[in-house]
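Protein chains in written order, with our numbering: chain A, 1 to 163; chain B, 1 to 285.
Derived list of chain A stretches under chain B, where covered just means 3 residues or more per stretch with a C-beta under 8 Å from a C-beta of chain B:
#, stretch
1, 40–52
2, 70–84
3, 107–113
Derived from the structure by calculation, the hints contain no laboratory data. None of the values given here were measured: they were computed from a predicted structure. Every residue gets a Cβ at the ideal spot worked out from N, C-alpha and C, and that includes glycine.
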Amino acid sequence: MMVKIIGAALLVACGGALGLGRLHAAGGRIALLNMLDRALSMIEAEISLCSRPLPDVFEQLRRETDCELFAALSESCAYLSAGDAWRLWAEGLELPPEGKVVIGSLGEVLGRYDASRQSGEIRAVRERLKGMQENLQREKETKQRHYPVLGACLAGIAAMLMI
Amino acid sequence: MLRVQERLHQLLPRDMLVSALGRGLERAEEIRLRMGYPASLLVEGREESLGGKEVDEQDIAFVLDRASRSSLHSVQSQLGQGFIQAGFGIRLGVCGCFGETGIGSLRDVSSLAVRLPHELRGIGAGAMERLKPFDCSVLIISPPGGGKTSFLRELIRCASLSGQRVSLCDERGEVAAMWQGRSSFDLGPMTDVLSGTEKRKGIMMLLRAMNPRIIALDEISAEADGPALEQAICCGAHIFATAHGAGVEEIKRRRHYRRLIDDGLFQKAVIISGRDKRHYQVVDI
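Just chain B, with the same shape it has in the complex (with noise of 0.2 Å):
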C-alpha cells in the first residue's frame, strides 16, 4: 500500500496533496477533479470538499499527464472505455467531450475520479470461513463503491493459500494492478493473472493454457461473457466473479444474470451491504 501512496504523490498537483493529506486523504476511496469547483474526497461513501482552490485546466492536465506519463496516445484504448490505469491500481475515471476515438485531447477532459484501491485483508472472514474448501462457484454481489473487488481480492488469496490454483482474468487491471510483471497486492501463492484481455478471450486463454481450479473475475456485466462462463464450468473449473446490484433477486431482474444462475454456473453468492459497517451476507443460489 506505501507504493499506492507513493504514485498518488506523483500523481496530485502539490496544493490538492497537502490539503488531502489534511484531510484523511489515506482512507479515502476516491478523489474527484471536477473543473470549477474544489476537489473532493470519497470517504465511506460521502464526499467531502477540500475547499481552497477550484480545480482547473492545468490541475486536469496535470493528473492525466502524470497518469499517462506524458502520452496520451499510449492510453487511448484505455480512454475510449473512460478510464486510465495509473499504476499500483490506481485506476482514473475520466469524463468529458468524448470522441469517436475516445478522448483527442487533454483539454476535452472536465472531470476525473481517481480511484484508491484498498488491500483489506481479513475482510469478511466469517464469510470466507463459509466458502471454504472453496469448491463450488462464487457470485459477489454488491452495490457500485460496495467493496467487490477488495473482497474478491481476499477470496483468490484465501482459495490460493489453501491449495487451489486460481486464474485471474484482469481484463481492467483493477484486482492484480499488474506492475512490472509483479502484482501489487498479495494474490496468493498459486494465483496466475492474465491481465488486460477481454474476459471472453482471457477465459479461454486460461483454459487453454493454465488448467486452473478457479477462474476469477471482476464484473461480469457484458452477456457476451456468458459463453465463456458455461465453456469454463464445463471444463470443471469453478469461477469466482462479481456483480453489481442489492442481491439475487435484483440481479435476477437482469436477463443475463438471470441466465447465468438459473443455469446453475453459480452455486454460493456473497452479498456486501452497508457503507459504514460492511457486512457479508453468504446465500447459497
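Isolated chain A (complex conformation) (with noise of 0.2 Å):
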C-alpha cells in the first residue's frame, strides 16, 4: 500500500511539473519575442541611420547579443540574399506558427527596397510583436495557477485509477 501512496504521489508531482514546464516555455516564447524586438530595432536603426549592409549587420548582431541565434543567419548570408537568409531563419525559430510568418514577411522586404520602406515594415512587425507578445503574456498571468493545478488534479485522477 505504501508503494502505491509513493507511486500516486510521485504522479501527482510529475503532472504537477509538466504544468509548470508549459508555463516555462510560455516564459520562453516571450523571452525570444523581446530579444527579436532588440534586434529589429537594432536592424531598423543600422538600415536608417548608418545604411550598413545587412551581412554586417546580422554580424555584429551575433556578435553583440553572443546568441545561437543569430549566429545562423550570419553564417547562412555567405550564401543567400539576405532576405532569403532571413525567411530561413524565421522558419527555425521556437515560435507559434503566426509568429513565425510575421518575422519571415520581412525577408521579402529586407535590402531589397530603399531605407525608409525597411524601416516602415521592420515598424509594422515590431507592433505585431509586441501585440502577440502581450497576449502571451497575459496568458501566461492567467494560466501561471491553472497549469500546475490542472496537472496535479489530472495526474492524481489518474493515480486513482490506476490504484
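Hints in hand, dock the two standalone chains.
Encoded structure:
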C-alpha cells in the first residue's frame, strides 16, 4: 500500500511539474519575442541611420548578443541573399506559426527596398510582435496557477484510477 | 584582374555566366542586361547577344542583390546617380523607374550595364614618352568607352614610378576601385587615393592634406569643378584629367572646357581615337 501511495504522490508531482514546464515554455517564447524586438530595433537603426549592409548587421547582432540564434543567420548570408537567409532562419524559430509568418514576412523586404520602406515594414512587424508578446504575457498570467493545479489534478485522477 | 573575374563570377546568374564565358567574357568591356531580351556582351565597341534565355526580373534582382550585398539601402546614394560600385572597379549602370530618391525597389530596375575595368599596362607607350617628365597638366580626351580611364590609370602609374607625388580624387571609385583600403589596380608607389567624395571638395582636401605634385581626376564635366582646378594650379600642382569628346576643338565648343583651356589650365592633350586599334595622339594646347 505504501508503495502505491508513494507512486501516486510521485505521479501527482510529475503532473504538477509538467504544468510548470508548460508555463516555463510560454516564458521562453516571451523572452524570445523580447530579444527579436531588440534585434529588429537595432536592424532598423543600422539600415536607416548608417546604411550598413545587412550581412554586416547580422554579424554585429551575433557578436553583440553572443547568441547562437543569430550565428545561423549571419553564416547563411555567405551563400544566400539576406532576405532569403532571414526567411529560412525565421522558419526555424521556436515560435507559434503566426509568429514565424510575421517574422518571415520581413524577408520579402529586407535589402530589396530603400531604407524608408524597410524601416516602415520593420516597425509594423515590431508592433505585431508586441501584440503577440502581450497576448502571451496575459495568457501566462491567467494560466500561471491553472497549469500546475490542472497537471496535478489530472495526475491525481490517473493515480486513483490506477490504484 | 583575377579578382575582377572572381567578383564577376559572383555577380552574374550561373546560366548567363556560362554563356558569357563561351563568348569571350574576358575581352568584354560591358555586359548588358535588358529585361525581356537576352543578355549581351560589348566587345571592341560592338554588342553581341548571348542568345538563349531572356533576362527577367529575377536575373536583374540577382545581380543587384549581389552587387549591393543584399542591401539596396546601402547603395542608395550611388543609385541616385544611376550606378552602383560592385567592387574591384566593376560598375553597374542602372536604368529603370527613378523616383526622387533614386531607385526605391529592385523591381523598379529595367536594365543594367555591367562595366568591367581593364588594367592595360604599357598602353599608349609612345604618348607616355612624350608626356615625360610629367611636369605639365594633361587633358585626356576620347568619346565614351574610348579608353580614357585606362590611359589615366597608366599615366598615374608612370608618373608615380618616375618619382612624382600623385593624388587621385576618385569620385566614383572607378579609377582606383578601392577595396578594403587598397587599390584594385597598380597606381604606382607614390600615389594617394581619395575616393567617394565630390571632385571640388576632394581637390581642396588633397591640397590641404597631401601636398600633391599632380592631382588626377576622371571626367571633369561639371562647371563647379573649375574653381577647384584653378586653385590646384595656383598651389603649384599639375592636373591629369579626362573629358568626353573627339578632339580639342570639339570640347572647346562647350563653355566649361573652353574656359579651362583658354585660361591655360592644361598644356597638353592626349586624344584617343579608334575602336579596334586605339591611337594616342599628344597635342599642345
